[in-house]
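Construct the entire structure; sequences and hints are all you get.
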Amino acid sequence: QRSASASALRPVTIKQILTCEQPHADAEFVLDNAELTSIAIVAQIRTIQHGATNMKLTLSDGTGTIDARKWNENGNADGEGPTEEDKLREAGIVEDAYIYAMGSLKTLSGKRSININTVRLVESPYEVFYHIHHAMVARLYYTRGPPNGTAPGARGPDGDVNMYNTGPMTLDPQYATLSPLEKGIVSAILQQRQGADGVNVSAIARSLQGQADANAISDALDKLMDDGHLFTTIDESHYDVST
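Residues 66 to 308 (our numbering) are what the sequence shown spells out, left to right.
The set of hints was computed from the structure by calculation and includes no laboratory data.
Hints may contain errors.
Unchecked claim - Below, simulated BS3-like cross-link-like pairs (lysine-lysine); rule was C-alpha separation at most 30 Å, straight line: (1) K80 - K171; (2) K176 - K80; (3) K176 - K121; (4) K171 - K121; (5) K152 - K121; (6) K171 - K152.
Right, here's the structure in full:
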């Protein structure tokens, strides 16, 4: 079973992609001692080539340059309607545009590239700076741990051990039978969710302030999903509370 940190969608720069480690050809990429399976980048398209089955891009973000590939969706199989290239052009995915892309890393003939799963146009210049800051925060989290807060196992005013402090939150009675960790996860999601995207598993882990390891969080997330309390949203690393 993959740990929560391994399955987390991590914002990165191209330089981080180019300098992260891969112990051997079949191993996962590792950045800051954490597996790097799902990544998100914001970059400018330098070149783009459309083919029958995929499009190839050269991306640059000021820290480096890397090739990327996105496989075409199974549309227009009968030759009718807009092609994948038409759809991307209409969405503004053209040379010199900035994009937000999610995907995974690949190595071919010793050269790293990105396999893009999802891509969209970046319309605000602020998103470029936000992504860089987001990548910096993620690096600090993995190298130095979560921000200072209540120490693990610290006792509250009533003498009880405060194991999962996510701030004041009164949960509905339907969550009364959950474990302290499960309640902490539900509280974290309810406090942080915005829109339909839910909350990334790395943000959930940060809210727990390092008081549970990645395996425990992953197991608790699986149980909450099995019991119908949570569901995944835009990908398997984003969760929201069932209503």
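Each hint tested on the structure:
no. : hint        : verdict
1   : K80 - K171  : holds (15 Å)
2   : K176 - K80  : holds (14 Å)
3   : K176 - K121 : holds (15 Å)
4   : K171 - K121 : holds (14 Å)
5   : K152 - K121 : holds (15 Å)
6   : K171 - K152 : holds (26 Å)
In summary, this structure violates none of the numbered hints.
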